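With chain A held as given, fit chain B onto it using these hints.
Sequence lines, in order, name chains A and B.
The first sequence begins at 413 in the numbering used here and counts up by one.
The second sequence begins at 876 in the numbering used here and counts up by one.
Because the hints were derived from the structure by calculation, they are not lab data.
Just so we're clear, the structure is a prediction, and the values are computed from it rather than from any experiment.
Accuracy of the hints is not assured; some may be wrong.
Claimed, not checked - Simulated crosslink set (SDA-like; lysine to any residue; CA at most 25 Å straight-line):
| no. | chain 1 | residue 1 | chain 2 | residue 2 |
| --- | --- | --- | --- | --- |
| 1 | B | Lys983 | A | Pro451 |
| 2 | B | Lys983 | A | Thr525 |
| 3 | B | Lys983 | B | Glu939 |
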Amino acid sequence: EAQVTQNPRYLITVTGKKLTVTCSQNMNHEYMSWYRQDPGLGLRQIYYSMNVEVTDKGDVPEGYKVSRKEKRNFPLILESPSPNQTSLYFCASSFLVQGGPGELFFGEGSRLTVL
Amino acid sequence: AQSVTQPDIHITVSEGASLELRCNYSYGATPYLFWYVQSPGQGLQLLLKYFSGDTLVQGIKGFEAEFKRSQSSFNLRKPSVHWSDAAEYFCAVAPYSGGGADGLTFGKGTHLIIQP
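Bound conformation, chain A alone (with noise of 0.2 Å):
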């Protein structure tokens, strides 16, 4: 089945405790995205990769890491957490077309808490 999976799915951490969320998607998909939704905010787009090794910051990176070591995975990373970090994070992918994202398919979602 194709899908993307994300994990945990449910966290709750401490200020400054480094965590790593993990997405792994099993198209073959070249572009993969994370975003984190808040209340009134939509989603936002955190760090993106169009392939292997090539990633880039999107509009809210500042407090984040990610890596593109394999095709298929693309871990988020807080180095050290804060509250406002408090969030529900979605991880997506897509096949590049022209150059651009096409259809993305979503995980479902981890919902990170930050005492």
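Chain B alone, transformed into the frame defined by chain A:
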């Protein structure tokens, strides 16, 4: 950079009535346009997309959208809504640059409420 505006934060429609959700974008060239739906507690699902060609596109669940270049709009429509259509709807735009790309930009969403 591109931007997307969904002017209506909330819309309430009676079951069986028609629906139109508005979306306006700001981008210099013709972008790729999408509508996604998010049911409570779920991820996002693609309803329909426009890349080129016929400006009226059909999607899943009986939805359609019309691209109007002159108005920079991509409004979503459904002739008769069902209670199961209650959800959050997001319009999104991706630039077509033919060689490199920014990411996909989403509007802030429209929350659709269905009245019995």
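Results for each hint:
no. : hint                : in the structure
1   : B:Lys983 x A:Pro451 : 9 Å, holds
2   : B:Lys983 x A:Thr525 : 22 Å, holds
3   : B:Lys983 x B:Glu939 : 20 Å, holds
Checked against the numbered hints given earlier, this structure breaks none of them.
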